[in-house]
Structure formats: C-alpha cells, structure tokens
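The listed protein sequences derive, respectively, from chains A and B.
Counting from 1, one number per residue, gives the positions in the first sequence under the numbering used here.
Counting from 1, one number per residue, gives the positions in the second sequence under the numbering used here.
Do not rely on the hints blindly, as some may be mistaken.
[Stated by the list, open to error] Among chain A residues calculated to face chain B with C-beta under 8 Å, some are:
hint	residue
1	H14
2	T17
3	V139
4	I149
5	L157
6	N163
7	D229
8	V231
9	V246
10	E254
[What the hints assert, rightly or not] Now the stretches of chain A that chain B is said to cover, found in silico as 3 or more residues with beta-carbon under 8 Å:
hint	segment
11	90–103
12	120–127
If you are wondering where the hints come from, they were derived from the structure by calculation, not from laboratory data.
Glycine residues also receive a C-beta, built at the ideal position from the N, C-alpha and C atoms.
Residue-level listing of the chains:
There are 2 protein chains.
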Amino acid sequence: MENRKQAILRAVVHEFTTSAVPVGSQALHSRYFVNLSSATIRSELAELADLGYLTQPHTSAGRVPTDSGYRYFVDFLMDLEPIPDRVRAYIRDELQSAPADVEGMVERVAMTVAAVTQNASVASAPQGSQARIKHVDLVSLEPQEVLLILLLEGNLLRQQVVNTTEPATQADLTALTSGLNEALSGRASDEARRRYDGAPLGLEKELLGRVIAVLDLYEKGTENLVVHDGVRNLLRQPEFAESSRVHQVLEVLEETRYLTVLLRQLIGDSDLQIVIGSENTSSQLQGCAVVLTTYGPTDRLKGVLGVIGPTRMAYSQTVSRLQAVARGASDRMAELGV
Amino acid sequence: MENRKQAILRAVVHEFTTSAVPVGSQALHSRYFVNLSSATIRSELAELADLGYLTQPHTSAGRVPTDSGYRYFVDFLMDLEPIPDRVRAYIRDELQSAPADVEGMVERVAMTVAAVTQNASVASAPQGSQARIKHVDLVSLEPQEVLLILLLEGNLLRQQVVNTTEPATQADLTALTSGLNEALSGRASDEARRRYDGAPLGLEKELLGRVIAVLDLYEKGTENLVVHDGVRNLLRQPEFAESSRVHQVLEVLEETRYLTVLLRQLIGDSDLQIVIGSENTSSQLQGCAVVLTTYGPTDRLKGVLGVIGPTRMAYSQTVSRLQAVARGASDRMAELGV
DNA sequence: GTTAGCACTCTCCGGCCGAGAGTGCTGAAA
DNA sequence: TTTCAGCACTCTCGGCCGGAGAGTGCTAAC
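Use the sequences and the hints to build the structure in full.
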C-alpha cells in the first residue's frame with residue numbers, strides 16, 4: 001500500500017480511537033494533512049473503503065476503521081507508544097507492594113493492567129504443566145483428622161483436610177513428614193505416583209493418595225485461578241452505553257470456567273496476541289478486542305495476562321503498557337520466588 | 001395502618017418488583033382485589049402516597065413504592081418466601097463441591113448467592129478479632145532464605161519469604177519449628193508478641209518478628225479478602241439500562257478497600273441488615289438496596305455476605321435465599337474446619 | 001494527480017399530534 | 001360513612017415532519 005494511504009489509515013485509526021466519532025475528510029485535512037485538500041483525502045478514503053479497511057456508519061458520516069483496518073494498523077503501522085515516567089513509577093510501586101503469594105500477585109497484576117490501560121483486564125496464575133513439590137507438612141487437627149499442606153513450586157500452598165482410618169498423633173505425623181519430604185521435595189508429581197504405587201497399605205499410602213489428588217487437581221488446571229478487573233473502565237466508553245454490550249462481556253469475564261479455556265486457546269505459542277472484533281470465536285466478544293501476553297517467574301511457569309476493550313482501543317499504548325506490567329510482574333515474581 | 005392499606009401496599013410492592021412497571025388501580029383491581037372497585041383502590045393509593053409510601057413518576061402513571069414504602073414492607077409486611085427444592089439442592093451441591101480453603105469457599109459462596117438471588121453479591125472472609133496460630137512451618141529455600149508458613153485458625157494459610165541474616169539449613173529450621181510449635185500453636189497472637197520480646201537476638205527472634213508481622217496484617221484486616229460476583233445479573237434489570245448506573249455500582253464493588261469498610265460499617269451487630277436506597281450513605285448506591293447477613297464456621301469467626309440490587313428487589317426471596325446460603329456455608333465451613 | 005465547486009444523502013433534533021393510560025373529583029347508591 | 005360509576009383532565013410515548021448540518025461522490029478545471 002502506498003505510504004500516503006498508510007498514513008491516512010493511521011490517522012483515521014488514531015483520530016477515531018481518541019474521539020470515538022467517525023472521522024471525515026475535513027477533520028483529517030485540518031488536523032493531520034494541512035497541505036492535502038479534503039477532496040484528495042476523500043478519494044483516498046474511498047479507496048481505503050474499497051480495500052475493506054474503512055467503513056461508514058451511513059452515507060453522510062465520516063469513516064470508521066473496520067476490523068481488517070485495525071488488523072492492518074496493528075500488523076504494519078503501529079509503533080509502540082513510550083510509557084510516561086508517572087505510569088512507569090505507578091506500575092513499579094503497585095508490583096513492589098503486592099502480596100508475596102501467587103493469588104495476591106495475580107490480583108494485583110490484573111488491577112494494575114486495568115488501571116494503566118483504562119480497559120478491563122484478565123489474568124491467570126502462572127502454571128507449569130507438571131507440578132513440583134517443594135515441601136510437605138502434616139498437622140494433626142483431630143485424632144483422625146490431618147491437615148495436609150503442600151508447598152509447590154512457585155510457593156504455591158495447597159491444603160486439604162484428610163480423614164484417616166487410623167488415629168495419629170502429631171509426633172507420628174512429624175516423623176512421617178520428614179520421610180515424605182526426603183522422598184518428594186524437589187521432585188515432580190510422577191515421583192509421588194511411583195511412591196504411592198509402591199507403598200504398603202496404611203497411613204502413608206492414604207496420605208500419598210491425597211497428595212496425588214491435589215497434584216492432579218493442579219495439573220488439570222481445573223482449579224486454575226483466573227481473575228478480572230476494571231470492567232468499570234469499559235463503561236466509560238460510548239460502545240458500552242447500552243448495558244446489553246456490557247452484559248455480553250461480563251458473561252465471558254464472570255464465567256471463570258469459560259475464561260480459562262478462552263485464555264489457553266487464544267494465547268497459543270506467541271508471546272503477544274491481538275484478537276480484533278470478528279476474529280473472536282466467541283460471539284459475546286464481537287466488537288471487542290483482546291490483547292494477550294504471557295508472564296511468570298520462570299520459562300516453565302507461565303500465566304496469561306490480557307486486556308479486553310472495544311475494538312476502538314489505543315492499541316499501541318495498550319500493548320506497551322501491558323508488556324511493561326508483564327515484564328515487571330515476571331521480575332518481581334522471580335525475585336520473590338513466587 | 002389499616003389492614004386493607006397494608007394489603008394494597010404489599011400488592012403494589014409485589015407487582016412492581018415483578019413487572020418493573022408503575023402499577024395502576026386497574027391492574028390492582030383485576031389481579032389482586034377483584035371485589036374492590038378501581039376507584040376505591042385509587043383513593044387508598046392516594047392516601048398511601050400522602051403517607052409517603054408511594055409516589056408517581058408523573059401525573060398519569062401508576063404508583064411506585066418509595067424507599068419508605070419498601071422500608072415499611074420489609075419491616076412489617078414481608079414474610080419469608082419458601083425456597084424451592086431445586087434451589088435448595090443447588091445451594092447444597094455448590095457448597096459441597098467448594099474447595100476446602102477459605103478463599104475458595106468465599107468465592108463459591110459469593111457465586112452461589114449471586115446465582116440464587118439473581119443479583120450482585122459480595123462476601124468477605126470470616127475473620128476473628130484476634131488471630132490464633134494452629135501451626136508453624138519453616139522451609140529452607142536458599143541458605144539465607146526461609147519460607148515461613150503459618151496455619152491460622154480457620155485453616156488459613158499465610159506465607160512469607162524471610163531473608164535471614166545468618167544462613168540456616170533445613171535441619172536447623174526443623175529443630176526451630178518444633179520449638180515454635182510447642183510455644184505458639186493453639187495460642188493467640190499476643191503469645192507470639194510476648195515470646196518475641198523475651199527472645200535473645202538471633203534467627204528465632206528474627207522469625208518471630210515476621211510471624212508477628214503476618215498476624216498484624218491479618219488482625220488489622222487490611223488484607224481481608226472481599227469478593228463480588230453476579231454484576232451481570234444487574235444488567236438484566238431495566239434500572240441498569242443506562243450503563244452509568246452500572247458504573248456507579250461497579251465503582252463500589254471493584255474498589256476493594258472501600259468495600260471492606262462499607263461491609264464492616266453496615267453490618268453492625270444485627271444478623272440481618274437491609275439498607276434501602278437513600279438509607280445508603282454512599283452516593284453510588286442510591287437506587288440500590290443492600291441485604292447483608294453474617295456467616296462463618298464459629299461464633300468468633302464471622303464474615304459478611306450480602307446482596308446488592310435495585311431497590312425494586314424481591315426482598316422476601318432475597319432474604320430467605322441469602323440466609324439459606326449463609327447457614328449452609330457456615331455449616332460446611334464448620335464441617336471442614338475451614 | 002490535485003482541487004474547488006456543487007448537488008446529494010443521511011442523521012439529528014425539535015416541534016407537533018393523537019392514542020392510551022391513569023388519575024382525581026363528583027355525585028349517587030348502599 | 002363507605003363504595004363506586006362516570007367523566008374530564010394530565011402526562012407520556014411513539015410516529016411524523018422539516019430544517020440544519022455534516023460529509024460524501026462526482027465533475028470539470030488546473
């Protein structure tokens with residue numbers, strides 16, 4: 001595409017994302033291309049419309065980017081917007097003061113992304129494909145009730161109350177604990193399975209069974225934490241003036257099970273994924289754009305972090321800020337060993 | 001107030017909560033009071049309006065309850081709606097399948113309340129005024145890095161990474177653990193403080209300091225978990241058709257710090273609290289009603305559970321279902337020892 | 001290739017009007 | 001004294017109309 005056409009497409013996208021009003025040839029002439037007459041711009045606009053990058057709400061309205069228009073912009077025209085110092089400092093402060101556990105960190109990350117992008121955000125907890133045990137602990141609650149505490153890689157704590165068939169004192173459990181730790185800590189989940197198969201009937205086997213159950217739950221990811229925040233930001237946009245639009249987005253965000261699948265599906269292998277309007281498979285997200293990246297303390301432990309907003313979104317700002325938060329969060333989590 | 005006036009007020013509230021349309025004398029005559037002419041009903045309505053319990057959107061519209069009207073209904077006219085078996089079963093299933101930790105349970109409880117009341121819900125984690133330690137555990141991460149795990153009453157796990165001034169092996173830590181457990185488990189937080197004051201300088205004092213820090217955080221409630229769900233249910237109501245109304249409510253719900261204060265303020269001492277429209281101190285909740293109750297595994301550990309919806313809410317249904325979930329959750333949490 | 005000029009189209013907004021819903025009042029009946 | 005039929009009145013809502021304004025596409029000249 002010729003340079004000038006690209007420049008005009010870029011201008012239309014920029015103008016429309018800030019004003020939310022269809023942009024006409026006159027506005028482009030006075031604000032972007034003073035030495036180009038509106039008539040010339042008009043004919044370029046007509047061609048861009050023929051190419052499918054622009055459309056008009058009605059005959060006598062200005063132009064609006066189509067989904068393909070945004071796509072072209074994102075793929076070829078967008079350059080990342082630098083992040084102001086104030087925003088950078090805000091991100092750093094929020095991440096520094098975040099709780100030192102995964103849950104708290106994920107929530108803080110979602111909150112921060114929502115705040116700096118002024119859109120809705122989603123975040124899933126970093127997770128590896130196989131769980132690794134760091135530490136096991138057993139606490140006697142009642143004579144026949146044991147609280148099993150598992151510390152997984154990423155300082156993830158899991159707990160489960162186990163009703164044992166035989167009574168056990170705290171001393172019994174403490175003895176058992178050191179054996180279990182020796183065998184399991186630093187090992188992946190299949191070690192626990194192996195040991196379970198080999199163990200004789202009794203308390204230890206019983207407990208190992210529950211250890212495996214917890215690991216299974218984690219690995220299947222059915223209990224994977226997904227949070228969202230910043231829906232109120234969407235409501236400031238004219239796209240969401242009728243609340244039925246908000247309703248559709250909320251259906252996706254509040255249905256955690258669905259959201260988990262969606263994120264996993266979308267992120268694929270790339271490190272930055274932008275899905276625009278009709279490219280969304282889910283019907284509720286028509287008219288919305290989703291920007292996703294990954295984050296996590298190590299290469300093996302990765303979660304998804306994303307922004308959801310109207311297709312008329314400040315993509316370059318969103319991407320740079322999203323990535324800044326993702327990098328910051330990854331560093332902070334690595335630092336905390338979370 | 002005469003019986004008949006009460007009956008008419010009750011009918012107006014009932015009709016308006018289901019239809020969302022101002023109710024006229026004709027509708028009341030044909031659907032509730034067949035042997036009372038619409039003229040008679042009309043004069044009663046006029047008197048109820050004089051008393052401040054009803055109002056009209058405009059001269060030729062039907063009547064709508066005022067906030068005082070709802071207040072009168074709630075205080076004197078409402079009888080709890082029985083809960084259908086289907087709903088009862090749903091509540092039971094959701095609570096049975098909830099995760100066995102506080103965070104998971106709180107989220108599930110909020111989700112269930114939102115689902116069965118078809119409104120937005122809020123829930124705060126049950127919390128006592130003083131923390132009690134059930135168990136302490138220390139895990140060596142690096143030579144000079146220790147993960148401190150605290151199990152509090154309610155099977156609440158807290159963790160913190162501690163950078164120690166001197167290196168310590170896991171064996172050192174294990175030895176220290178048993179001493180700490182002997183001294184602290186089953187004790188309230190002031191015991192930890194006492195012990196900290198008496199301890200000689202060294203690893204133990206260092207760790208005790210962090211234990212106290214964690215307990216402080218918990219007791220000050222600054223980190224108290226508050227979740228919400230079901231905002232999408234509100235969007236089905238005509239009151240929230242313009243999204244600015246939703247925006248106001250979301251500002252309250254998504255601002256966790258604010259929400260915590262609000263809940264604590266509202267719940268006071270009573271076990272059921274209903275706040276209607278202008279009774280709300282916060283301006284964002286004008287036009288909304290909040291129904292709150294408490295729940296928790298023991299008398300000492302109580303959280304707040306609530307419903308937020310339009311003032312035009314099915315109060316009797318909301319109250320009975322909210323209380324059912326609160327009771328169910330309390331029982332389940334007691335059972336799990338959470 | 002660019003541009004001024006111009007006719008054309010479509011939305012938006014305010015005003016107008018009739019239909020419909022619901023009220024309050026009045027006077028008669030129970 | 002209470003109830004109720006009848007009736008005039010008020011107000012909203014939806015459709016319709018027309019003018020203003022914005023922006024376009026086309027054409028002819030530079």
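D229 (chain A) was flagged as interface toward chain B. Is the shortest Cβ-Cβ separation under 8 Å? Check passed: Cβ of D229 (chain A) comes within 6 Å of chain B, closer than 8 Å.
Counting residues of the segment 90–103 of chain A that have a beta-carbon nearer than 8 Å to any beta-carbon of chain B, does the count reach 3? holds (count 4)
Per-residue hint verdict: V246 (chain A), partner chain B, C-beta under 8 Å: With Cβ-Cβ at 6 Å, under 8 Å, it holds.
Holds or violated: I149 (chain A) as interface residue toward chain B, Cβ cutoff 8 Å? With a minimum Cβ separation of about 7 Å from chain B (threshold 8 Å), the hint on I149 (chain A) holds.
When I compare C-beta atoms, does the segment 120–127 of chain A have three or more residues closer than 8 Å to chain B? violated (count 0)
Interface hint compliance - V139 (chain A) to chain B, C-beta minimum distance less than 8 Å: Status holds, d = 4 Å.
Under the criterion of a CB-CB separation shorter than 8 Å, is V231 (chain A) in contact with chain B as hinted? holds, 6 Å
Hey, does the N163 (chain A) contact hint survive, CB to chain B under 8 Å? violated, 11 Å
Regarding the hint that T17 (chain A) lies at the interface with chain B, is the smallest CB-CB distance below 8 Å? violated, 20 Å
Proposed interface contact between E254 (chain A) and chain B, which counts if any beta carbon pair is under 8 Å: Where the cut-off is 8 Å and the nearest Cβ of chain B is about 6 Å from E254 (chain A), the hint holds.
Interface hint compliance - H14 (chain A) to chain B, C-beta minimum distance less than 8 Å: violated, 26 Å
Hint check: is the beta carbon of L157 (chain A) less than 8 Å from a beta carbon of chain B? Holds: closest Cβ of chain B sits about 5 Å from L157 (chain A), inside 8 Å.
Violated hints, listed in ascending order, are 1, 2, 6 and 12; each of the other numbered hints is respected by the structure.
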